[in-house]
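*Asks:* Sequence:
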Amino acid sequence: MYLYHFGLTELPFTLTPNTSFYLGLQPHNEALAVLLTALKTGEGFIKLVGEVGTGKTLLCRKLLNELPEHFVTAYIPNPYLKPDELRRAVAVELGVKQAQRMSVQLLTQRIQERLLELHRQGHSVVLILDEAQALPSESLEALRLFTNLETESRKLLQVVLFAQPELDQRLGEAHFRQLRQRITFSYRLRAMDATEVEQYIQHRLTVAGYKGAELFPAALSRKIARVSQGIPRLVNVLCHKMLMLGYGQGSYQLTGKQLQAAIKDTESVDSSNRAYLMVASVSVLAALFLGYFIFGAGA
1 MYLYHFGLTE
11 LPFTLTPNTS
21 FYLGLQPHNE
31 ALAVLLTALK
41 TGEGFIKLVG
51 EVGTGKTLLC
61 RKLLNELPEH
71 FVTAYIPNPY
81 LKPDELRRAV
91 AVELGVKQAQ
101 RMSVQLLTQR
111 IQERLLELHR
121 QGHSVVLILD
131 EAQALPSESL
141 EALRLFTNLE
151 TESRKLLQVV
161 LFAQPELDQR
171 LGEAHFRQLR
181 QRITFSYRLR
191 AMDATEVEQY
201 IQHRLTVAGY
211 KGAELFPAAL
221 SRKIARVSQG
231 IPRLVNVLCH
241 KMLMLGYGQG
251 SYQLTGKQLQ
261 AAIKDTESVD
271 SSNRAYLMVA
281 SVSVLAALFL
291 GYFIFGAGA
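Counting in this note's numbering, the sequence shown runs from 1 upward without gaps.
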């Protein structure tokens, strides 16, 4: 790969939500502040919505790392679960023994007993669901009933939903109005602007150990911001492919032509933005194979 070529210690633009690469840009810092404030004040339902690739899962993991010690978390990354499956998953996360073998009625009782036990020990319990737009309708209703568990002074369980905008569309339906009314804090995560994209690219390179000359000049970063529409995942994809091209071509400075090739090779770049820089005729993979043949043969 291109690590040695560019003097990197790790890949800077992977799609894995690694919190060591977290950059506190305004939208992400605001979202994290909303989540932490709402949880500390004991609110029942909290919702964070963002388009695909805007960094919701990274924020979710950052939140898990930032929560004060008195919080006990139940984290469900894949909530495409039926109500009974959801209850059992929550029970397992909370440490309820033999949760997979109990009847639904006994399971609900044991979950409540466990929540009361944690409350008496001074803990706050938060259930965090990533990709919450995938929850079946009956499971959304089961989730609402979870928040009925409370003492006279506070909820025994708080719920944080990380979701794509489709969740808002579903919650707009009349039969979800009770759940919608219980969401007291919400935040919509926006994409990055051009300045933030430039900061994002440089930050990830720095974290990955890059110490050389500027790889992504400001003008090139602005072009990446435009074609990616500021979506972090697309920025990562394009930058990763450009670095692969630079390595394959034996170059140490990235250019607009490499961006053109990366755009052509990336289906998820919107077609209206493709026209902005769609000139290259050589695909990324073809250029990589060509570069490997030329440089590899001379080794």
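It is possible that some hints are incorrect.
[What the hints assert, rightly or not] For lysine-lysine, the following DSS-like pairs were computed, each having C-alpha atoms within a straight-line distance of at most 27 Å:
(1) Lys257 / Lys211
(2) Lys97 / Lys82
(3) Lys40 / Lys62
Treat the hints as calculated values from the structure; they're not laboratory data.
*Asks:* Next, verify each hint and record whether it holds.
*Replies:* Status of the hints after comparison with the structure:
Simply put, Lys257 and Lys211 have alpha-carbon atoms about 23 Å apart, close enough for the 27 Å limit, and the pair holds. Straight-line distance between C-alpha atoms of Lys97 and Lys82 comes to about 20 Å, which keeps the hinted pair within the 27 Å bound. In summary, the hint linking Lys40 to Lys62 is supported, as the alpha carbons are separated by about 16 Å, within the 27 Å threshold.
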